[in-house]
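Build out the structure end to end from the sequences listed, making use of the hints.
Residue numbers (the numbering used here): 513 to 697.
Calculated directly from the structure, the hints in this document are not laboratory data. Keep in mind that the hints are not guaranteed to be accurate.
[Stated by the list, open to error] Result set (DSSO-like, lysine-lysine): computed pairs, CA atoms no more than 30 Å apart in a straight line:
#, residue 1, residue 2
1, Lys520, Lys645
2, Lys523, Lys610
3, Lys580, Lys645
4, Lys520, Lys639
5, Lys610, Lys580
6, Lys652, Lys571
7, Lys617, Lys571
8, Lys645, Lys523
9, Lys639, Lys523
10, Lys580, Lys652
11, Lys652, Lys520
12, Lys571, Lys645
13, Lys610, Lys571
14, Lys520, Lys571
15, Lys580, Lys639
16, Lys617, Lys520
17, Lys523, Lys571
18, Lys580, Lys520
19, Lys652, Lys639
20, Lys617, Lys580
21, Lys571, Lys639
Note that the coordinates shown come from a computational prediction; the quantities given were computed from them, not determined experimentally.
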Amino acid sequence: MYLISIEKELKRLERAQDWLERSWERAASDMPITAPRVSRWTLAQHLHHTAHANAALLKALADHNPAKDAPTTGRPNLGGILVLLLRRMPRGRARSPKRYHPPEKPEPDEVSQQIRASRTQLTAVAKDPQRLKNLAGVLKHPVLGFLTPPRWLCVARIHAEHHIRIMRDIETEGLPTSTSKTANP
513 MYLISIEKEL
523 KRLERAQDWL
533 ERSWERAASD
543 MPITAPRVSR
553 WTLAQHLHHT
563 AHANAALLKA
573 LADHNPAKDA
583 PTTGRPNLGG
593 ILVLLLRRMP
603 RGRARSPKRY
613 HPPEKPEPDE
623 VSQQIRASRT
633 QLTAVAKDPQ
643 RLKNLAGVLK
653 HPVLGFLTPP
663 RWLCVARIHA
673 EHHIRIMRDI
683 ETEGLPTSTS
693 KTANP
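Structure representation (structure tokens):
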């Protein structure tokens, strides 16, 4: 497909994580910001989901052991190929696995905990970029198929940036609300 620079992906993920943390600081006092034309999820729900999913993606990468993990080969499915080639996730095309759906009204402590967990996992993965370069095998993504460790890292970054674009649009158009309808964006 194309070469993935582990260092560049880690830097972009670091910037995405910084953005999540700054956005949370701004949004924490006014959590139920929504923009129904942009997404059915609130800003807080996107923050929760993005941090939760990325923490899980990065933990899987940090814990990956090709000697113990099966399978060792596989390919991305068509959706995975398109995401990796375009380096973007199109809006409204896929649904996240249920376990990563945010609560209807995320508690501030929950969102903070997910953002901290995401930072912890990013720090763990970023400690040893050489390990990521040399790591063999594949990991099975629940939506995109089998991904090599560098592709997995790239997907984590693409996912974070996808939701950051949505959250920026919510911040631009958003209104505080107490009756927003929530569903998967």
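Each hint, compared with the structure:
no.	hint	verdict
1	Lys520 <-> Lys645	12 Å, holds
2	Lys523 <-> Lys610	29 Å, holds
3	Lys580 <-> Lys645	18 Å, holds
4	Lys520 <-> Lys639	14 Å, holds
5	Lys610 <-> Lys580	27 Å, holds
6	Lys652 <-> Lys571	13 Å, holds
7	Lys617 <-> Lys571	25 Å, holds
8	Lys645 <-> Lys523	15 Å, holds
9	Lys639 <-> Lys523	12 Å, holds
10	Lys580 <-> Lys652	14 Å, holds
11	Lys652 <-> Lys520	23 Å, holds
12	Lys571 <-> Lys645	16 Å, holds
13	Lys610 <-> Lys571	18 Å, holds
14	Lys520 <-> Lys571	19 Å, holds
15	Lys580 <-> Lys639	22 Å, holds
16	Lys617 <-> Lys520	35 Å, violated
17	Lys523 <-> Lys571	17 Å, holds
18	Lys580 <-> Lys520	28 Å, holds
19	Lys652 <-> Lys639	23 Å, holds
20	Lys617 <-> Lys580	39 Å, violated
21	Lys571 <-> Lys639	13 Å, holds
Taken one by one, the earlier hints fail for this structure at numbers 16 and 20, listed in ascending order.
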